[in-house]
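Visitor: Given only the sequences and the hints, what does the whole structure look like? Please build it.
If you want the building blocks of each chain, they are given just below.
Number of protein chains: 2
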Amino acid sequence: MRIAVLASGRGSNLQALLDDLAPDTAPGRVVLVLSNRADAGALTRARQAGVRAAALADGAGDPLTLLETLRSAEAELVVLAGYLKRVPDAVVAAYRGRMLNIHPALLPAFGGPGMYGHRVHEAVLASGARVSGASVHLVDEEYDHGTILAQWPVPVRPGDTADTLAARILAIEHRLLPAVVRAVCRRILAGAPVEPLASAADAFVLANMPERLEAALVNA
Amino acid sequence: MRIAVLASGRGSNLQALLDDLAPDTAPGRVVLVLSNRADAGALTRARQAGVRAAALADGAGDPLTLLETLRSAEAELVVLAGYLKRVPDAVVAAYRGRMLNIHPALLPAFGGPGMYGHRVHEAVLASGARVSGASVHLVDEEYDHGTILAQWPVPVRPGDTADTLAARILAIEHRLLPAVVRAVCRRILAGAPVEPLASAADAFVLANMPERLEAALVNA
Chain E
1 MRIAVLASGR GSNLQALLDD LAPDTAPGRV VLVLSNRADA GALTRARQAG VRAAALADGA
61 GDPLTLLETL RSAEAELVVL AGYLKRVPDA VVAAYRGRML NIHPALLPAF GGPGMYGHRV
121 HEAVLASGAR VSGASVHLVD EEYDHGTILA QWPVPVRPGD TADTLAARIL AIEHRLLPAV
181 VRAVCRRILA GAPVEPLASA ADAFVLANMP ERLEAALVNA
Chain V
221 MRIAVLASGR GSNLQALLDD LAPDTAPGRV VLVLSNRADA GALTRARQAG VRAAALADGA
281 GDPLTLLETL RSAEAELVVL AGYLKRVPDA VVAAYRGRML NIHPALLPAF GGPGMYGHRV
341 HEAVLASGAR VSGASVHLVD EEYDHGTILA QWPVPVRPGD TADTLAARIL AIEHRLLPAV
401 VRAVCRRILA GAPVEPLASA ADAFVLANMP ERLEAALVNA
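Going line by line, the protein sequences match chains E and V.
Just so you know, we're using my numbering here: the first sequence kicks off at 1 and counts up by one.
Just so you know, we're using my numbering here: the second sequence kicks off at 221 and counts up by one.
Bear in mind the hints are in silico, worked out from the structure with no lab data behind them.
Think of the CB as a built atom: it goes at the ideal place given N, C-alpha and C, for glycine as much as any other residue.
DEER-style ranges, computed between Cβ atoms:
#, chain 1, residue 1, chain 2, residue 2, range
1, V, Glu362, E, Asp89, 34 to 42 Å
2, E, Ala167, V, Pro413, 22 to 30 Å
3, V, Arg267, E, Arg186, 51 to 59 Å
4, E, Asp89, V, Leu345, 21 to 29 Å
5, V, Thr381, E, Thr44, 43 to 51 Å
6, E, Asp19, V, Leu345, 31 to 39 Å
Guide: Quick look at the structure:
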């Protein structure tokens with residue numbers, strides 16, 4: 001599977017994907033990295049890995065430019081890894097069911113327009129939630145709205161700031177995103193539908209949870 | 221600590237509290253169970269445990285009746301365990317910081333007016349979330365709004381119905397609610413403020429999570 005990654009920032013989720021998909025046996029590889037910012041660290045990381053990298057001069061505002069670039073690279077799967085620009089509807093339609101996004105919270109909570117970067121974590125902290133997490137979902141025409149493929153919970157701890165919470169969730173993102181991209185590649189290659197990942201939800205090993213809960217609360 | 225429990229249904233969370241607080245060494249005991257329904261299983265369970273039980277003739281619509289009943293039992297802590305009626309503001313004010321509620325989702329998502337019973341789980345399933353859970357929070361004048369004391373995540377599995385998800389979350393509620401009630405009793409007895417439980421959030425044992433995640437996704 002030929003994968004294109006869109007990223008606006010320093011590209012740590014891109015790096016996690018590059019590292020995970022480096023072996024020849026991986027079910028996909030990153031063939032193109034695009035950014036709306038010419039100075040994005042993601043572009044540097046891509047070039048260092050020998051992957052074609054380009055800044056979208058128009059910030060991807062022109063759907064034809066972005067779509068043509070993706071098609072010229074024969075991208076079969078598109079991954080938004082910290083991409084802060086809206087993807088034009090025509091591109092979403094062309095890659096429907098083949099475009100993933102990672103969001104640093106448990107959607108549908110703390111998502112939608114304006115909910116990106118530290119704003120997400122500040123909203124979580126303001127709400128008093130003791131659980132946040134990461135979500136990988138299919139992209140549709142609405143922000144953070146498409147089918148959720150996998151989620152993973154992360155504790156919110158007393159004293160957390162947006163920075164400490166972001167770092168804890170990012171560590172999980174770096175594991176969750178490559179795992180989901182691999183699973184999606186395998187499904188597409190097998191001709192299976194891309195749908196919520198059954199075993200991701202089972203990964204909690206629920207049976208172990210009450211004991212750990214009690215152990216943690218015993219001295220609370 | 222003398223604890224009053226308000227419940228509208230069959231009272232399985234009440235039973236979990238009665239069982240957990242039965243030992244003489246427990247930091248609190250249930251001294252009163254009230255329901256807005258005379259046929260609630262919770263009242264039967266209370267009487268079987270030798271605990272004073274009463275139906276609120278007016279469905280707790282009269283704050284004086286409820287407040288006087290709580291005070292006559294010298295209740296120091298009030299626990300809403302599946303209580304579907306609104307608690308009058310005067311009672312909330314009289315027990316501010318001393319009234320807990322358990323909600324079968326990860327607040328602030330899937331809470332608020334009308335979000336009770338199966339409606340909660342149907343909304344979670346409709347959203348596509350792969351994670352739900354249980355929350356224990358302090359009661360204030362708004363539904364499901366007060367300070368969150370503890371939460372625990374529960375997986376949403378493909379094929380789940382409101383019934384199967386409710387049952388999975390209820391199993392966690394039966395562990396979470398007594399643990400939080402014990403912790404809150406200990407804090408009040410120690411003169412400490414009732415605030416979010418630090419170690420509840422740490423109970424995830426985050427370090428173990430990525431490995432389990434990968435093991436679960438490897439064949440997804």
